[in-house]
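Starting from the given sequences, assemble the full structure and let the hints guide the process.
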Amino acid sequence: MFELLLSGFGAVFSLNILVLVTVGVAVGIVFGAVPGLTAVMAIALCLPLTFTMGPAAGLSLLVALYIGATSGGLISAILLKIPGTPSSIATTFDGGPMMDKGEGIKALGVGVVFSFLGTIFSIAALIFIAPWLAKVALSFGPHEYFGIAIFSLTLIATLSTGSMLKGLFAGAIGFAISTVGIAPVDAVRRFTFGIPNLNSGFDLLVVLVGVFAISEIIKVAEEVRREQKTAVGQVSMRSIKGFGFSMKEFFEQIPNAFRSALIGLGIGILPGIGGGTSNIVAYIAAKKRSKHPEKFGKGCIDGIVAPETANNAGIGGAMIPLLTLGIPGDAVTAILLGGFMIHGIQPGPMLFVSQGELVYTIFAALILASVLMLILEFWGLRIFVKLLAVPKHILLPIIMVLCVVGAFGLSSRIFDVWSIVVFGLLGYGFVKGGIPAAPFIIGFILGPMAETNFRRGLMLSDGNFMGFLTSPIAGSFLGLAALVIVWQVWGAFRDKPSKTAEILRA
Amino acid sequence: MDRANKRELVIGAAMLATGVIYLLLTANLPRKAFIDAAFVPYLLAAGMCLLGALQLIAAWRQPPREDGVAPAEAGPDYLTVGKTLGLIVGYIAVLQWLGFPIATVAYLYLQFLVLTPHDHRVSHGRYLLIALCASVFIYVVFRHGFDLLLPAGLLDFIE
Numbered sequence: 001m002f003e004l005l006l007s008g009f010g011a012v013f014s015l016n017i018l019v020l021v022t023v024g025v026a027v028g029i030v031f032g033a034v035p036g037l038t039a040v041m042a043i044a045l046c047l048p049l050t051f052t053m054g055p056a057a058g059l060s061l062l063v064a065l066y067i068g069a070t071s072g073g074l075i076s077a078i079l080l081k082i083p084g085t086p087s088s089i090a091t092t093f094d095g096g097p098m099m100d101k102g103e104g105i106k107a108l109g110v111g112v113v114f115s116f117l118g119t120i121f122s123i124a125a126l127i128f129i130a131p132w133l134a135k136v137a138l139s140f141g142p143h144e145y146f147g148i149a150i151f152s153l154t155l156i157a158t159l160s161t162g163s164m165l166k167g168l169f170a171g172a173i174g175f176a177i178s179t180v181g182i183a184p185v186d187a188v189r190r191f192t193f194g195i196p197n198l199n200s201g202f203d204l205l206v207v208l209v210g211v212f213a214i215s216e217i218i219k220v221a222e223e224v225r226r227e228q229k230t231a232v233g234q235v236s237m238r239s240i241k242g243f244g245f246s247m248k249e250f251f252e253q254i255p256n257a258f259r260s261a262l263i264g265l266g267i268g269i270l271p272g273i274g275g276g277t278s279n280i281v282a283y284i285a286a287k288k289r290s291k292h293p294e295k296f297g298k299g300c301i302d303g304i305v306a307p308e309t310a311n312n313a314g315i316g317g318a319m320i321p322l323l324t325l326g327i328p329g330d331a332v333t334a335i336l337l338g339g340f341m342i343h344g345i346q347p348g349p350m351l352f353v354s355q356g357e358l359v360y361t362i363f364a365a366l367i368l369a370s371v372l373m374l375i376l377e378f379w380g381l382r383i384f385v386k387l388l389a390v391p392k393h394i395l396l397p398i399i400m401v402l403c404v405v406g407a408f409g410l411s412s413r414i415f416d417v418w419s420i421v422v423f424g425l426l427g428y429g430f431v432k433g434g435i436p437a438a439p440f441i442i443g444f445i446l447g448p449m450a451e452t453n454f455r456r457g458l459m460l461s462d463g464n465f466m467g468f469l470t471s472p473i474a475g476s477f478l479g480l481a482a483l484v485i486v487w488q489v490w491g492a493f494r495d496k497p498s499k500t501a502e503i504l505r506a
Numbered sequence: 001m002d003r004a005n006k007r008e009l010v011i012g013a014a015m016l017a018t019g020v021i022y023l024l025l026t027a028n029l030p031r032k033a034f035i036d037a038a039f040v041p042y043l044l045a046a047g048m049c050l051l052g053a054l055q056l057i058a059a060w061r062q063p064p065r066e067d068g069v070a071p072a073e074a075g076p077d078y079l080t081v082g083k084t085l086g087l088i089v090g091y092i093a094v095l096q097w098l099g100f101p102i103a104t105v106a107y108l109y110l111q112f113l114v115l116t117p118h119d120h121r122v123s124h125g126r127y128l129l130i131a132l133c134a135s136v137f138i139y140v141v142f143r144h145g146f147d148l149l150l151p152a153g154l155l156d157f158i159e
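Sequences listed follow chains A and B, in order.
Counting in my numbering, the first sequence runs from 1 upward without gaps.
Counting in my numbering, the second sequence runs from 1 upward without gaps.
Bear in mind the hints are in silico, worked out from the structure with no lab data behind them.
Bear in mind the structure is a predicted one, so any value in this text is a computation, not a measurement.
Built from N, CA and C at the ideal position, the CB exists for glycine as well.
Be careful, since some hints might not be right.
Derived SDA-like pairs: lysine to any residue, alpha-carbon spacing no greater than 25 Å straight-line [as the list claims (entries may be wrong)]:
id, chain 1, residue 1, chain 2, residue 2
1, B, Lys83, A, Phe191
2, A, Lys81, B, His118
3, A, Lys432, B, Arg3
4, A, Lys432, B, Lys32
5, B, Lys83, A, Glu223
6, A, Lys219, B, Lys32
7, A, Lys432, B, Cys133
8, B, Lys32, A, Phe191
9, B, Lys32, A, Leu458
10, A, Lys219, A, Ile342
The following residues of chain B were derived to be distant from chain A, with all beta-carbon distances above 12 Å [said to hold, decoys possible]:
id, residue
11, Asp36
12, Gly125
13, Leu154
14, Leu155
15, Asp156
16, Phe157
Cβ-Cβ distance ranges computed for the label pairs, FRET-style [what the hints assert, rightly or not]:
id, chain 1, residue 1, chain 2, residue 2, range
17, A, Val371, B, His120, 36 to 46 Å
18, B, His118, A, Phe415, 36 to 46 Å
19, B, Pro63, A, Glu227, 33 to 43 Å
20, B, Pro63, A, Gly54, 58 to 68 Å
21, B, Trp60, A, Ser246, 54 to 64 Å
Right under this line is the structure:
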């Protein structure tokens with residue numbers, strides 16, 4: 001394992017990958033910091049750039065963007081008191097008051113350092129857990145994959161923010177759209193209406209860019225003309241030692257950080273929920289366990305350490321099911337899956353056998369990107385602050401053009417460009433109807449996996465459905481899926497929203 | 001019935017309509033056996049119809065909200081949304097004919113104008129310059145840096 005990791009470091013320290021990772025982290029921080037721009041957008045827009053790169057360089061760039069964007073949200077959470085991404089919602093609770101007290105630089109320093117520690121913790125977990133899980137998953141067949149896909153779909157649809165009915169519907173419609181094109185096993189053309197471009201269905205990148213980027217541009221158009229110039233809080237780096245906080249304060253935060261990292265990692269592994277939920281859960285847990293809970297919300301560093309450690313700890317967590325089972329936990333890992341596929345690589349247990357070196361290169365790129373994030377985000381703060389002031393009416397049309405380039409670059413078809421507009425309108429419809437987009441994307445990705453393995457599983461067991469229940473792993477996952485549904489339905493009747501749900505809906 | 005309930009009813013109706021349309025489309029698929037290419041679409045269509053019906057029932061039975069959210073100062077600016085959509089559709093429609101560089105300059109310039117906030121001064125020269133620089137930069141980077149053959153259109157003679 002260590003030899004592979006060392007050879008991974010050897011690969012990422014080549015000049016071109018080093019430059020790509022540095023640029024990726026910086027661009028990611030900008031996308032995380034500017035409210036309205038997201039990690040999904042950053043990766044979706046940069047995905048076409050990786051077409052001409054090798055898998056190691058392309059995937060290193062994508063994971064660098066992921067790390068930068070997850071952490072970048074803290075800049076606007078503290079300076080603008082607006083979370084740049086959902087992963088930094090709880091950071092605003094204490095980041096804003098610290099900024100008001102003149103401790104902005106300390107808040108940023110704490111956020112950056114504990115984001116780094118959270119990421120490193122989760123990468124360590126990923127490096128130790130993923131190969132072991134991949135070994136177990138090597139014995140999985142269609143029955144097991146069907147069980148896992150159904151469990152993941154259920155979890156995603158029911159745990160997403162908002163109403164369970166709408167979450168399930170979003171998952172179903174994503175699954176339905178994935179059925180466009182040639183069906184698995186018997187190769188029947190479905191819902192193509194005689195249009196040859198639809199034979200291969202819709203590309204994942206087209207769907208993601210449409211639902212997350214184009215819909216955001218349309219949404220911003222609703223209010224951008226009434227927008228007033230944003231006041232960006234200013235911080236001075238003069239006479240700042242280290243990262244702006246003392247070693248005593250650092251050591252005092254270790255138990256809080258460790259607990260938050262475990263929360264972030266655990267939530268990150270679960271499909272469907274990630275940094276957007278874990279930062280709030282970690283904040284609530286930190287407040288509950290604190291000796292001085294009354295200080296929360298008034299500007300204490302515990303309230304920054306918890307969400308920032310947790311959201312970044314979700315990165316390694318979300319990569320575990322992606323790399324070992326080929327199951328993306330959220331929209332960001334869904335697009336990373338697209339990145340793998342563009343380079344002809346299918347994530348899953350075989351990846352560790354056939355592309356071991358590439359896997360460890362990705363691990364090394366994650367570590368390098370975390371270190372660069374620590375350096376760039378704190379010491380390059382002044383540049384990122386300036387970028388926060390770029391007006392949206394200039395930024396968003398340019399992003400729209402990049403979306404068009406990305407869609408066209410897939411297979412040089414205008415059809416794909418029209419498709420992003422169609423999915424953009426669908427995404428906008430979701431926003432207006434309060435329907436979560438993440439279950440839609442996961443339904444779109446896991447749907448074909450569930451259907452193909454269902455058909456293959458039935459063929460293997462001569463058309464006997466019991467094969468799915470008699471396999472211990474498939475049966476357990478299907479049982480868990482049923483339990484999740486029962487639990488959620490029971491929860492809906494209880495009519496008592498959780499603290500996390502209340503904060504997310506606020 | 002308050003506005004929020006009506007909105008939820010409309011969403012439920014849209015969900016149900018989507019399920020019914022998908023069911024009708026599925027019914028046109030050729031059948032070979034019980035478990036075939038139409039099996040999963042039938043399951044999904046049934047699921048979507050059921051979820052739509054449940055959403056309708058839930059919205060119908062929901063009591064009017066007493067804590068009613070105060071009406072927003074100003075509703076969404078659908079005129080700007082409409083103009084933006086129109087520009088995007090127009091941009092894609094002329095992309096191949098005009099070519100990426102020209103179509104992009106025109107789109108960016110017009111889109112900047114449409115999205116400029118009320119309290120900002122419109123600077124035609126600055127907008128044109130940004131549109132031109134962005135278009136040329138993106139075209140050159142992707143065409144020569146990443147070998148992506150973006151449509152050249154009217155500028156096809158330039159290599």
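Hint-by-hint comparison with the structure:
1. Annotation: proposed proximity of Lys83 of chain B to Phe191 of chain A is violated, straight-line Cα distance about 31 Å (limit 25 Å).
2. A distance of roughly 24 Å separates the Cα atoms of Lys81 of chain A and His118 of chain B; the hinted pair therefore holds under the 25 Å criterion.
3. Restraint check for Lys432 of chain A and Arg3 of chain B: the C-alpha separation of about 14 Å stays at or below 25 Å, so the hint holds.
4. For the hint pairing Lys432 of chain A with Lys32 of chain B, the CA-to-CA distance comes to about 40 Å; that exceeds 25 Å, so the pair is violated.
5. Using a Cα cut-off of 25 Å, the hinted pair Lys83 of chain B and Glu223 of chain A holds, with the two alpha carbons roughly 13 Å apart.
6. For the suggested pair Lys219 of chain A and Lys32 of chain B, the alpha carbons sit about 44 Å apart, so the restraint of at most 25 Å is broken.
7. This hinted pair does not check out: Lys432 of chain A and Cys133 of chain B have alpha carbons roughly 35 Å apart, beyond 25 Å.
8. Restraint check for Lys32 of chain B and Phe191 of chain A: the C-alpha separation of about 17 Å stays at or below 25 Å, so the hint holds.
9. Distance hint between Lys32 of chain B and Leu458 of chain A is fulfilled; the C-alpha atoms sit about 15 Å from each other, no more than 25 Å.
10. Pair hint Lys219 of chain A plus Ile342 of chain A does not hold up; C-alpha atoms about 29 Å apart against a cutoff of 25 Å.
11. Residue placement check: Asp36 of chain B does not keep its beta carbon more than 12 Å from all beta carbons of chain A (closest about 6 Å).
12. Distance check on Gly125 of chain B: its Cβ is at least 14 Å (rounded) from any Cβ of chain A, clearing the 12 Å threshold; non-interface status holds.
13. Once the 12 Å rule is applied to beta carbons, Leu154 of chain B is consistent with being away from chain A; the minimum gap is 16 Å.
14. No beta-carbon of chain A comes within 12 Å of the beta-carbon of Leu155 of chain B; the shortest separation is about 16 Å.
15. Once the 12 Å rule is applied to beta carbons, Asp156 of chain B is consistent with being away from chain A; the minimum gap is 15 Å.
16. No beta-carbon of chain A comes within 12 Å of the beta-carbon of Phe157 of chain B; the shortest separation is about 20 Å.
17. Between Val371 of chain A and His120 of chain B, the C-beta spacing of about 40 Å keeps the proposed range 36 to 46 Å intact.
18. Between His118 of chain B and Phe415 of chain A the beta carbons are some 37 Å apart, a value that agrees with the proposed interval 36 to 46 Å.
19. A C-beta distance of roughly 36 Å is found between Pro63 of chain B and Glu227 of chain A, which places it inside the suggested range of 33 to 43 Å.
20. Taken as a hint, the range 58 to 68 Å holds for the pair Pro63 of chain B and Gly54 of chain A, whose Cβ atoms sit roughly 60 Å apart.
21. Range check, Trp60 of chain B to Ser246 of chain A: about 59 Å between beta-carbon atoms, so the 54 to 64 Å window is met.
Of the numbered hints stated above, those contradicted by the structure are hints 1, 4, 6, 7, 10 and 11, listed in ascending order.
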